[in-house]
Each structure stands twice: as C-alpha cells, then as structure tokens.
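Peer 1: Those protein sequences? They're chains A and B, same order as listed.
Counted from 1, the first sequence has number 298 at position 291 by our numbering; the numbering is strictly sequential.
Counted from 1, the second sequence has number 804 at position 432 by our numbering; the numbering is strictly sequential.
In short, the hints are calculated from the structure, not lab data.
Misleading hints may appear alongside valid ones.
To be verified - Calculated lysine-lysine pairs in the DSS-like style (CA-CA distance at most 25 angstroms, straight line):
{"no.": "1", "chain 1": "A", "residue 1": "19", "chain 2": "B", "residue 2": "600"}
{"no.": "2", "chain 1": "B", "residue 1": "577", "chain 2": "A", "residue 2": "12"}
{"no.": "3", "chain 1": "B", "residue 1": "650", "chain 2": "A", "residue 2": "149"}
{"no.": "4", "chain 1": "B", "residue 1": "570", "chain 2": "A", "residue 2": "12"}
On a predicted model such as this, the values are computed, not experimentally measured, just so you know.
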Amino acid sequence: MLCVKPYGMLCKIFVVPFYEMWDLPDIFVQTLWEGLVGGTLYSLIALGFVLVFKASGVFNFAQGIMVVFAALSLVGLHSLGVPAFLALILAAGIMFVLAYSVERVVLRPLVNQPDIILFMATFGLTYFLIGLGELIFGGDPKVMITKQLYIPTGALSFDFGGGRVELQKLDITAMVVASIMVAGLAVFFSKTRIGRALRAVADSHKAALSVGISLNQIWVIVWFAAGLVALVTGIMWGARSEVSFALEIIALKALPVLILGGFTSIPGAIVGGLIIGIGEKVGEIYWGPLLGGGIESWLAYMIALAFLLFRPQGLFGEKIIERV
Amino acid sequence: MRMKGLLVGAVLAATAVTPALVSSASAQDSIYIPLFTYRTGPFANSGIPIANGMVDYLNMLNERDGGIGGVKLVIEECETGYNTEKGLACYESTKVKNPVVVGPWSTGITLPLIPRASVDKIPILSMAYGLSASAVGDTFPWVFNPPATYWDGLSMAISYIGSKEGGLQKLKGKTIGYLFFDGGYGREPIPLLESFAKKYGFEVKMYPVPPAEMQNQSGQWLNVRKDKPDYMIMWGWGAMNPTAVKEAARIKYPMDKFIGIWWSGGEDDARPTGGEAKGYTTLNFTAVGSNYPAIQDIIKHVVSKGKSQAEKDRVGEAHYNKGIYNSVLIAEAIRNAQKITGKKVVTGEDVRRGLETLTISAQRWKELGLEGFGSPVALSCADHNGHQPAYMQQWDGTKWVKISDWIQPLKDDVLPLLKAAADDYVKKNAGWPKRTESCDKPS
Numbered sequence: 008m009l010c011v012k013p014y015g016m017l018c019k020i021f022v023v024p025f026y027e028m029w030d031l032p033d034i035f036v037q038t039l040w041e042g043l044v045g046g047t048l049y050s051l052i053a054l055g056f057v058l059v060f061k062a063s064g065v066f067n068f069a070q071g072i073m074v075v076f077a078a079l080s081l082v083g084l085h086s087l088g089v090p091a092f093l094a095l096i097l098a099a100g101i102m103f104v105l106a107y108s109v110e111r112v113v114l115r116p117l118v119n120q121p122d123i124i125l126f127m128a129t130f131g132l133t134y135f136l137i138g139l140g141e142l143i144f145g146g147d148p149k150v151m152i153t154k155q156l157y158i159p160t161g162a163l164s165f166d167f168g169g170g171r172v173e174l175q176k177l178d179i180t181a182m183v184v185a186s187i188m189v190a191g192l193a194v195f196f197s198k199t200r201i202g203r204a205l206r207a208v209a210d211s212h213k214a215a216l217s218v219g220i221s222l223n224q225i226w227v228i229v230w231f232a233a234g235l236v237a238l239v240t241g242i243m244w245g246a247r248s249e250v251s252f253a254l255e256i257i258a259l260k261a262l263p264v265l266i267l268g269g270f271t272s273i274p275g276a277i278v279g280g281l282i283i284g285i286g287e288k289v290g291e292i293y294w295g296p297l298l299g300g301g302i303e304s305w306l307a308y309m310i311a312l313a314f315l316l317f318r319p320q321g322l323f324g325e326k327i328i329e330r331v
Numbered sequence: 373m374r375m376k377g378l379l380v381g382a383v384l385a386a387t388a389v390t391p392a393l394v395s396s397a398s399a400q401d402s403i404y405i406p407l408f409t410y411r412t413g414p415f416a417n418s419g420i421p422i423a424n425g426m427v428d429y430l431n432m433l434n435e436r437d438g439g440i441g442g443v444k445l446v447i448e449e450c451e452t453g454y455n456t457e458k459g460l461a462c463y464e465s466t467k468v469k470n471p472v473v474v475g476p477w478s479t480g481i482t483l484p485l486i487p488r489a490s491v492d493k494i495p496i497l498s499m500a501y502g503l504s505a506s507a508v509g510d511t512f513p514w515v516f517n518p519p520a521t522y523w524d525g526l527s528m529a530i531s532y533i534g535s536k537e538g539g540l541q542k543l544k545g546k547t548i549g550y551l552f553f554d555g556g557y558g559r560e561p562i563p564l565l566e567s568f569a570k571k572y573g574f575e576v577k578m579y580p581v582p583p584a585e586m587q588n589q590s591g592q593w594l595n596v597r598k599d600k601p602d603y604m605i606m607w608g609w610g611a612m613n614p615t616a617v618k619e620a621a622r623i624k625y626p627m628d629k630f631i632g633i634w635w636s637g638g639e640d641d642a643r644p645t646g647g648e649a650k651g652y653t654t655l656n657f658t659a660v661g662s663n664y665p666a667i668q669d670i671i672k673h674v675v676s677k678g679k680s681q682a683e684k685d686r687v688g689e690a691h692y693n694k695g696i697y698n699s700v701l702i703a704e705a706i707r708n709a710q711k712i713t714g715k716k717v718v719t720g721e722d723v724r725r726g727l728e729t730l731t732i733s734a735q736r737w738k739e740l741g742l743e744g745f746g747s748p749v750a751l752s753c754a755d756h757n758g759h760q761p762a763y764m765q766q767w768d769g770t771k772w773v774k775i776s777d778w779i780q781p782l783k784d785d786v787l788p789l790l791k792a793a794a795d796d797y798v799k800k801n802a803g804w805p806k807r808t809e810s811c812d813k814p815s
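In isolation and in its complexed conformation, chain A is listed as follows (with noise of 0.2 angstroms):
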C-alpha cells in the first residue's frame, strides 16, 4: 500500500521498515528488547570462548557441549533428590573437576603442540562430553528447575505507544545475572593477581613461565571460570526452552560475536553479543519477511563480516602489526 511502482522492492527495503518501526512503536521496543537479552546472553557464551582462547591460544569448540553438560549436571543432580542451590553448587563443583581433567588429561600432555592440535583435542572433548552426558543423563531433555532456584517467571507489561511491551522477568534476571557475572569476571581478571597472571598467560607463555606463573594452575582456573559461564548460560537457556542438547548448537551464535568483538577481548565479547543480539532481531522483524524469514542464523555473520571490513581486528582486537 505504501509502496508504489515502480519503487516497489526499493521502497520495501528503505521505507516501509522504518516506517513499521514509527507505526508499531511496541513492536520495536519489544524488538529491541528481545535482541538485547539474546545479545547477553550471546555474550555470556563467547565470554566463555574467550577466557580459554587468551589463556591457551585455544579455541575451545567444546564450549557448546559445557553449557549443555553444566545445565544437565543441576537438572540431574535435582532429579536425584539434591536440594536447588546444593545442586547448583555441585554442578559447579563439576565444572571445576572437568577444568582439572581437561588440564591434566588434555592440555598438559599437548604442552607447545601447534594451536591446531589442541582446537583438534577440544572436538575430541565435545564428543566425550557429548558421549558422556547421553550416558549419565540420558538423551531426553529436561525441564529446567527455575522455581527452586527462585527464578521469576511471568511478565512485567506496560502500554508503550498505543501496544504493550512485555519484559519477562527471567530475561531481566538473565540480564542481571550475566551482567553481574561479566563485571565480575572482569574485575578478577583486571584486579587480581591471578587475573594478572593470566594476562601475562595471554601475551606470552614462555615469558609468564619465566617469571614463575603455574600454566597448568591457570589453565585449571580458566576453564573452571568457562564452565561456571557454561552453567548460567545453561540455566537462563534452559529455562527459556528446556535442556537438551539442542542448546549445544545455540553456541555456534558465539561465533560471529567473536569474530565482531575479537577472540581475545572480553570488552568485545560483551559489545559484539549485544551488537549481534539486537542487530539479527531487529533483521529479522523488519527484512526478514523479504528474504523469506528465517535469517537470523546468516545475518549474525553478515553483520559480523561488515564490522571485518572496517576493522579486520575485531572490535577490541589487538591489531598485529608483523615485520617481513
């Protein structure tokens, strides 16, 4: 209707979303709200990547199965008779026995291995993961046990511009709580003398050992920091949908989140999420139609690709100047 020939595709392109943006103000705030909460918790899960990758060089694919894993350890744990937050602590303890088997089992014995090996090992460890939590927990997903762990649920709504905007309350407290977890990584790792040691980890590690940094103790500490990311993004996921191992691939998003913000820069993997968050959400209301729906998977990659274009760094990567 808005859209006269022979403008028509042009128009539909430039016009009508921004238009629907003004018409249905409701939508759009919902809209942004939507990708704002999928954005932080996006960052939730390359913050998890992005620990492991400063402090080992190491992509660490098995990321995706850690969500799962951790998700599937409290639900278990619950089932069994385990009072919520006793559970909760125990998953934790999980996630810190597998950061320790996974440093003495996989990292220590490919110590100065090409970085490739050790991405290769981390396939070979979502497979044991993957083979392991079929084995413990079964294949059938599980409900999340929001309520014992006083999560709230419902909607808090409000009229915004002739609509309604609804705010789930477990969205907000997703927010919250990875907000918390991100300011608080953030300062471990800035203040503190193992966050140090963990830089140094990062520039160099022959130079870290040097000085007398344990690599072996950081490592153990930094995939025990990525398995407790793993748990709350599995419990916010989780309770969104339900824990299956479906949420494993819900950790490929992070890819592009990486690529945008940068493999080593936590800054970035919280500005990329939430980039890559609002940006698909809001692709997919308002252009997805046009593509046929269904676009947010590729979009968060063209988004991320675009950013490249400008800044082959990543947003907060270190640019690497190399003399020839």
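With chain A fixed as given, assemble chain B onto it according to the hints.
Peer 2: Chain B alone, transformed into the frame defined by chain A:
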C-alpha cells in the same frame, strides 16, 4: 611381524564372514527388523518415546507369541540422531542382514533411500512422514507412508480451521501463519498450503525455523505478534516444539488457534509450558493412553520385566503410541506376507507385497487388542498411503484430550496434486524405473 599379519588376516576374515553368518542365521529361523531410532541429539525428546513404543510392541510379540507366525523377530536399533549421514550409514550396515522393511524415521533420510529401495529389494515404511508423493504406488512400488501424508495432514488442519470459522469459504481474508522446521520435513506441505491459500482466499505468512535456531525462536514469534495471524499451523520436531509452545504462551497467542501436525503433539512438547499451554491443539492418528489389552500386554511382558527403556508411567503417551502404531503396521505386513506367500520366514520382497495389500479393519484392530486405537487402514497397489483421517487433540494443562471426531483429508484437493508431484518426481529423476512388480489381491 608375522603375528601381526596373522592377526590382521584373522580380523579381515572375520569381518567378511560375520555378515554372511548373521545373514544366514536371520534367513533361516528369524525375521530381521532394524529400527532406525534417535535417542540422542536435538530431536531426542521426540525420538525416545517413539523408539520405546516401536521396540516394546515387537518385543511383546516375541515374548507373548514367540514372534509372528511362530518365527522370532530379531530387532536391532540403529541410532541415527535424526542425522541423514548417520541414517544412511545405518541403512548400509543393516542392509547386509536382509531386513524385511526399513523405517528411516526422518524425511531427510527417507528421500535418498527412495531410489535404493527397488534396487536393494527392501521396502521403506515412512509412517506419516517422508515424501508425500510416495503414496502413489504405481510410481513408488517400494515405498509406503500410511496412514496419511503430510498433505493430508495439512488439509485436515485447514479443514478443522474452516469448521471453526463456519466453513472453508469463510477463510477468505483470513491470515494463517505457518511455523515450520526449515528442512525437507517442514517444507514438504508448502506447495499444498499455497494452493489452498489461492483456492480459499486466505493469506499465508511463513515463519521458518532454521535447525540452529530451534531453541531461539523469539524472532519468529515477534513477527507473529506483528502480523497477528488468525491461526498458526506448526510443522515442528524435536526441541523446536516445546520452544514454540513456550514462545506462543509468552506472546499470549490464543493457544486454541495454534495447531500442530501430529509430530508436534507429544507430551514433552506441551508439558514444559504446563497450564499456559492449555488449548494448544494438534493432529493425532493414534489414541493416547494405555487402556488397551495389547498395551497392557506390553506392560506385562516387557516393561514390568525390565526389558523396556520406557518408564511405566510414560507407556501410552502420544508419541509412544505412534511407535506402537508403526510396529503394528510392520507386524501386520509380515503376517500378511506370510499369508500371501505361504512362507513363515519372509523376505523384503514378500513384505512389500504384504504392505501393498495391507488391511487393518476396525475388527482387526479389536483382535489385536487395540480397539479404536487407530482408524481402519487399507492400502493397495495404487495407493500406498490410505489417506486415513486423524483427529484433533488438545492440551488441557496436564494431558492430551481428544476434541474432535475423525477428520477426513480433503482428498479432492490432495490426490491430484500428489499424482502431479509423483509425475514431476519421475521427470526430475531421469531413468526412474517403470513399475514391474505384479499386484496381489487385497488380504
């Protein structure tokens, strides 16, 4: 070195001989039925109850009756993870053991197996899934997809919506949203949906859900909120279903106008949303519940003896019963093949004939201890589907409740399109073999 060589030789010899041994053992005194299942991966919530139902019914026949016609059934599960490559690997590994029928349990796995069926002489049973056009028996003599195709299912959903609105003609000007798994399965009914939209004058809004976004559907549902479709139809599977039901409840979409295909109607699809999913409606072609003599026999002979992977309180759930239905089709086809050929130990070629002349009347359902469990089934050489009716079930907050009578598919619309699709398949697959298999009389 010599020892090593001997060892390698022994292993190779054993590898070569074992299939032959298994195969000859199977051929002599038992009937081999591989069951492609998925108890792992993103689709396990749908796959597990179906697998349990399939396995438990056939095990019950072994335990209670000593198999079929006195011949023991050798049942072997092969885990596909709903993954096409793994499914094809399952096919290759089980093919050598002379299976009498193969059920791929995935449209993605079914499609590449269709051309192989006539070559390998193994009939494919894709129960209410797969290529809709394979219902045309003259074109696809080795493929069977009873009791209804996806196109039948869609026509029933449209028919149901029409009945709620006071007639199909009242659909004019309405908007129907289609939320679908963005793969072969979800795309299968789209041509018919577009055809219905033209015929009845309603608008269709498409909401594809890419496999990677099954648990991340807020974008699709924001679009639903923006578009305000009058009805939503869902073709979902695995983790996509419970996420969609949760998202629908989140945006307060009227749940009784949210209608799923039969594969979106498992307890695990609605249960996570609980009371807020009340009103969510799906098609189903089997009864729900365990109050049938045959299912009680499953509990007695299999579940209570610890020979099942199903928990006792989940026996009789919607997807579990679909698994039973699938195994009833297999068992009855084998029985029928034994009757036609006079042989006790039947082959894939025999079971193809058994499927092609399969009839399960209301009386037969009763004899099986499953009275009223499904509508009567009747296949023929020309019709490998039967185009049987289904009914609507609705989630009452805790369980599925039947809310409609049997709804007949709109055959006048579906059958010509199926024939055209089958012809189109032949055109696109140059050298597609003409049917040479003879036609038996119905059982």
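Peer 1: None of the hints should be skipped; say for each whether it holds.
Peer 2: How the hints compare with the structure:
A threshold of 25 angstroms between alpha carbons decides the hint, and for residue 19/A with residue 600/B the separation of about 20 angstroms falls inside it, so the pair holds. The hinted pair formed by residue 577/B and residue 12/A meets the criterion: a straight-line CA distance of about 23 angstroms does not exceed 25 angstroms. Of the supplied pair hints, the one linking residue 650/B and residue 149/A holds, its CA atoms being roughly 20 angstroms apart against a limit of 25 angstroms. Distance restraint check for residue 570/B and residue 12/A: the Cα-Cα separation of roughly 24 angstroms lies within the 25 angstroms cut-off, and the hinted pair is therefore satisfied.
The structure fails none of the hints (numbered hints given earlier).
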